[in-house]
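Colleague: Single-letter residue listing:
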Amino acid sequence: SQKIEQNSEALNIQEGKTATLTCNYTNYSPAYLQWYRQDPGRGPVFLLLIRENEKEKRKERLKVTFDTTLKQSLFHITASQPADSATYLCALLIYNQGGKLIFGQGTELSVKP
Amino acid sequence: NAGVTQTPKFRVLKTGQSMTLLCAQDMNHEYMYWYRQDPGMGLRLIHYSVGEGTTAKGEVPDGYNVSRLKKQNFLLGLESAAPSQTSVYFCASSSPLSGAYNEQFFGPGTRLTVL
Numbered sequence: 060s061q062k063i064e065q066n067s068e069a070l071n072i073q074e075g076k077t078a079t080l081t082c083n084y085t086n087y088s089p090a091y092l093q094w095y096r097q098d099p100g101r102g103p104v105f106l107l108l109i110r111e112n113e114k115e116k117r118k119e120r121l122k123v124t125f126d127t128t129l130k131q132s133l134f135h136i137t138a139s140q141p142a143d144s145a146t147y148l149c150a151l152l153i154y155n156q157g158g159k160l161i162f163g164q165g166t167e168l169s170v171k172p
Numbered sequence: 017n018a019g020v021t022q023t024p025k026f027r028v029l030k031t032g033q034s035m036t037l038l039c040a041q042d043m044n045h046e047y048m049y050w051y052r053q054d055p056g057m058g059l060r061l062i063h064y065s066v067g068e069g070t071t072a073k074g075e076v077p078d079g080y081n082v083s084r085l086k087k088q089n090f091l092l093g094l095e096s097a098a099p100s101q102t103s104v105y106f107c108a109s110s111s112p113l114s115g116a117y118n119e120q121f122f123g124p125g126t127r128l129t130v131l
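Here the protein sequences come in this chain order: A and B.
Residue numbering for the first sequence follows my numbering, starting at 60 and increasing by one per position.
Residue numbering for the second sequence follows my numbering, starting at 17 and increasing by one per position.
Worth double-checking, as some hints may not be accurate.
As the list claims (entries may be wrong) - Here are the simulated DSS-like pairs of lysine-lysine, each with C-alpha atoms no more than 30 Å apart in a straight line:
1. A:LYS76 / A:LYS130
2. B:LYS73 / A:LYS130
3. B:LYS73 / A:LYS62
4. A:LYS76 / A:LYS122
It is worth saying that the hints were derived from the structure and are not from the lab.
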């Protein structure tokens, strides 16, 4: 069965630096990876989608890359701010199965001022 | 436009009791999902539905039942609650017509404790 793994260790960085989060998935195609943000006590919120034929996607200070050889997606937040502190989840879309997602366990990001 | 709402927000049950969690969405989405979230485990899919009157099993369906009698509502039932079902439950909905390939919209969650 498909698996998604994220670095379960919390990531602590200084304000203004770039945060980089990793998501690895088992062999699956076509691969569409979604990234979500989750704040404590709230439901996840969709951020970005990247398809396997796309190398990079950007949205404001967010950038997602995709390496199908390594079966890995990297999620970057540039010029990070304390307000970016949250848990970030990646999810693999299972194609043609009612939009099913397989989620990673999430990485908690803490940005210190 | 309320998005996805869940009822109740909190609940404490005793082992063996039953309850139903209600999820409602006002976005006319075809697909709806129930997840549970436990510390260190991420979100795990319990059941999902691709349309009114249809349901399917997810990763962890045992001990739960669902129904989708109306397009906007998706109910999750626990017939005989067990302590292992203590968790935070999230409902979500999506549309296959979404440009983001089924971006899911989540409710605020229900925190359930089974004693």
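Colleague: Compare the structure with each hint and give your call.
Modeller: Going through the hints against the structure:
1. A:LYS76 / A:LYS130: The given pair, whose Cα atoms are some 26 Å apart, holds under the 30 Å limit.
2. B:LYS73 / A:LYS130: holds, 27 Å
3. B:LYS73 / A:LYS62: holds, 17 Å
4. A:LYS76 / A:LYS122: Roughly 14 Å separates the two Cα atoms, so the pair holds.
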